[in-house]
Amino acid sequence: MTTVEAQETTLQKGFVGQSVPRKEDRRLVEGQGVFFDDVKRHGMGYLHFVRSPYPHARILSIDVSAALELPGVYGTLTGDEVAILTDPFFQIAAEPGGSIKDYALAVGKVRYVGEPVAAVVAESRELARDAAELVMVDYEPLDVLVDARKALEPDAPVLHEECGGNMTYEGRWEWGDVDAAFDAADHVVKISELHFDRFNSTPLELDGALVEYNRGTTQWTITTNNQFPGFAVIMMAPAMRVGTDKLRMVTQDIGGGFGNKITSHPQLVACCLLARKLNRPIQWTEWRTDFHQSMSHGNERWFLDTEVAVTADGTMTAFRTKALDDAGAYLRYEPLGGVIWAQVAPGMYGWRNIRLDFTQVLTNKAPCSPNRGYSRMQHLWFTERIVDIVAQELGFDRVELRKKNFVQPDQMPYETPNGCVYDSGDYPASLDLVLELIGYETIEQRREEAAARGKLLGLGIGSTLDSGTNNFGQSQLINPELQFSGNNEVATVKLDIFGEVVVTLGTTPQGQSHETTAAQVVADVLGCDVDLVHVRAGHDSYWNSHAGFSGTYASQFAVTGLGAVKGAAEMLAEQMKTLASMVFQCPVEAIELADGFARLADNHEAALPFMALGAIPNANNAGFPIDPPPMNARFVYRPPFDVPDKERKFGKLTLTYAMQIHACVVEVDPETGVYELVDYAAVDDCGVRVNPKIVEGQVMGATAHAIGAAMFESFTYDEDGNLLTPNFYDYHVPHTLDMPPLKTGAVESPSPFTSLGTKGMGEGGGGGIHAISAALQDALRAAGAPIVTDSHNPYHRVFELLRHPERARAKVEVTPPSLQAGRPSGGE
Amino acid sequence: MSVTPATSLFVQVTVNGERYEREVPARRLLVHFLRDDLDLTGTHIGCDTGSCGACTVHLDGVPVKSCSVLAAQVDGASITTVEGLAGDEQTPLQRSFAEHHALQCGYCTPGMLMSATALLEQNPTPTEDEVRVALQGNICRCTGYWNIIEAVLAVGQNR
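As you go down the protein sequences, you meet chains D and P in turn.
Be aware that the first sequence starts at 1, since it is given in our numbering, and climbs by one per residue.
Be aware that the second sequence starts at 1, since it is given in our numbering, and climbs by one per residue.
Hints are computed from structural coordinates only; laboratory data are not their basis.
Where hints are given, some of them may not hold.
Said to hold, decoys possible - Below, in silico cross-link-like pairs of lysine to aspartate or glutamate (EDC-like), each with a Cα-Cα straight-line distance of 20 angstroms or less:
(1) D:K40 - P:E83
(2) D:K40 - P:D36
(3) D:K693 - P:E99
(4) D:K40 - P:E150
(5) D:K322 - D:E170
(6) D:K743 - P:D36
(7) D:K150 - D:E574
(8) D:K693 - D:E515
(9) D:K743 - P:E150
(10) D:K404 - D:E436
(11) D:K40 - P:D37
(12) D:K743 - P:D39
(13) D:K455 - D:E800
(14) D:K693 - P:E83
Produce the entire structure from the sequences given, and follow the hints as far as they go.
Put into structure tokens, the structure is as follows:
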């Protein structure tokens, strides 16, 4: 493994910019982390969900009596009770998707295999599972809809009758003069069908909670691993007909999230209802099969009838396409995927004319939720596919085509056709760096060497953006009635009685090292050692350090979280200086914070330790003529956003744009389609890196997820609606032996829009998926030159491309036809 | 002659040097016995199929997936869990995991440490390929494994 720094880091002295050791690690390597499933309460009951074996069926009756008779069973909950005790969850969608009635348990109908229809609580995990098998559910099976492309056919089975069909959202997104650009184009490349596959990042820790109900205060305490408590309580409280203050959300350590743990609110409501009904703590831990069948797959998306306008010199001037998004059986966080992609509408390129008709439909599959790279990854795979297919079919060099069409460094900050602003970056230089790391100069020689061994070698590039810090006002572009906009995160920093520096946050980290990086920022502001800063682990509503958007999702902590931390630390620093000036009876400006003291800048002997400052307001405050500052600061970070223009679908949808360019080399066995990643390089630019080692760790993790999605991981359903990959046997995630050699490189283009010059990062843009698609297409040029039209390319799909390249070639057409250069270059 | 199967068994077991005696349901998995009965929650659960390795512990010195062993099977045995690795101070492998950023969320880490500790006991200076083979039964979803492999190799190289 090799790491390359593209340039000197831009940062000042201090802890920010250093790879400070992680504060989280001591407890985690000693087995002393506290994950929700580690928490126990006296008398708690274990919950097990009864789940549907049918993808689509009417529920005729549910009989829980046999389960209740089993000794040790505490009680049950069914959909009928839920429909009485709660209201349907608030829907983000306007009509028709807004009509969907979604509850904590299935009411009247089931719509996917694994949907919870009842819950059983018993004294042990084993007994709860046994009892769940005694619940008798009578179903009347209905016709099944699996293929999104058939969802709008007149005779398609309808999932939610109240929607009047299976379409939940449709909208035309158009900027520039698309038709004029096509009229002026020298070439038009048409791609009939591209498909981004269904998968998710399968965090190792499963969803769950320990839920307690306090009958006196009528408040629930929910110890959980939900990663977006701000969203969860907004969904849960109205449905439960209580105020959000009745839902105390608590997390400590979370075993991975990747967006998949955003939409556990239905199950949490079921736990809450049972905690109240049975008057005992409810423990729910999902099983792996439950998770694969029911918890929040990534959005599957088709791109149909795509056309790309290209001028003779290789300038890509326009594209138009129809995006068909498969949301599964319920909307939950959807249809936000219908707008999130627009954060990166032109990818990294200078396209000024874009038309995308977005349609989202329901199918009898698990509901979707954000998955690392949410909705932008699908779209960036699409733009990268366009670039490589255009290059191949029109005979352009794909590196030069990228460099020619990239947004250029002298254009930064760059406003896209839809009003987003790419804040900084040097895309061509970053491409050069990754090509150097992958050994692009020698690729043709390596191709020949591989051919001599009977292998097809190919190189692929995936250039992507990781847009971060959402403007939630973009939700109004899909539903103008919504009252969400902007973003926020909260931090408190205080000095306690003995001078302890204590930080709380509203975030819910799942490995992103917030305790460490927050301490780095605070230490620099307060002029103390990083080891003196204590950052509370996790989230607790009782800390009063959260707001409506609190959580850890969507690549934003380095902007929102650390922005809040820096703001609170600066407020505390001001209070400390003010208090010291009161003690020394000098102007505030005469005080500096350094080496763990508040001292006179010109006389370091006159110095107050943090302990003295903490003690005064907390325990020793007599004799001050005016109140001493409280040594306690709370800051709400708010990024500078306006509500986007709903008519034009125009505005700043996110604040920062981190960038990744991945490159890989594959070797394909032409007889079998089996291929191996033999080389891999990833360059990342996320502005100022607070902790380079932690940044690199995130780059590696995103790379691994992309490799898994490209090669192994798929939530595949059969035509009867059964998930074929419901566990880690059938759903293969990368193991140690699957990982290629990796080189990483870093570029730092500070963001002009953030207080630390940082950009949100961590999701990556799925660069590895794009790079592997491109590498396979490159390798197969010598075998009939099929284009790669799927994001997921297991060996059998490559075998199919090798056997029938003409089937893939039939999906691409160039006008005028004489210009098509993508003809096969090798023997068929 | 009919035989009534036992629904619970008496188990004596030594865990991290401490002796426990418990009546356990016959079907209780070792991982649930450790986590729920002994409150040793450092050992984690990530799947239902013996695929992920988060529950790896040492059973009489041999790494096993404790989700695939019944508590009743460990009668008379000696078990080490992640909580038993560090004495007064952490082991070189634990320190190396932190130094190499070989963990993010930390959920797979106990299993990784137990598998890698067993490898290093058998083979104090493994090659990269040997490390990859030894850890192929442990899934990590955060790191992509590169830093984990480096952390294990570094312990071997420092011997």
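How the hints compare with the structure:
A threshold of 20 angstroms between alpha carbons decides the hint, and for K40 (chain D) with E83 (chain P) the separation of about 18 angstroms falls inside it, so the pair holds. Of the supplied pair hints, the one linking K40 (chain D) and D36 (chain P) holds, its CA atoms being roughly 9 angstroms apart against a limit of 20 angstroms. For the proposed pair K693 (chain D) and E99 (chain P), the alpha carbon gap of about 10 angstroms is at most 20 angstroms, so the pair holds. At roughly 36 angstroms between alpha-carbon atoms, K40 (chain D) and E150 (chain P) are farther apart than 20 angstroms, so this suggested pair is violated.
The suggested pairing of K322 (chain D) with E170 (chain D) holds, with an alpha-carbon distance near 10 angstroms, which does not exceed 20 angstroms. Between K743 (chain D) and D36 (chain P) the alpha-carbon distance is near 42 angstroms, which puts this suggested pair outside the 20 angstroms criterion. Between the alpha carbons of K150 (chain D) and E574 (chain D) the distance comes to roughly 62 angstroms, so the proposed pair goes past 20 angstroms and is violated. About 15 angstroms separates the Cα atoms of K693 (chain D) and E515 (chain D), which keeps this hinted pair within 20 angstroms; it holds.
Distance check on the hinted pair: K743 (chain D) and E150 (chain P) sit about 14 angstroms apart at the alpha-carbon level, within 20 angstroms; holds. Taken as a hint, the K404 (chain D) and E436 (chain D) pair is honoured in the structure, with Cα atoms around 19 angstroms apart against an allowance of 20 angstroms. Annotation: proposed proximity of K40 (chain D) to D37 (chain P) holds, straight-line Cα distance about 11 angstroms (limit 20 angstroms). Of the pairs offered as hints, the one joining K743 (chain D) and D39 (chain P) is violated, with about 41 angstroms between alpha carbons and a cut-off of 20 angstroms exceeded.
Distance restraint check for K455 (chain D) and E800 (chain D): the Cα-Cα separation of roughly 17 angstroms lies within the 20 angstroms cut-off, and the hinted pair is therefore satisfied. A distance of roughly 27 angstroms separates the Cα atoms of K693 (chain D) and E83 (chain P); the hinted pair therefore is violated under the 20 angstroms criterion.
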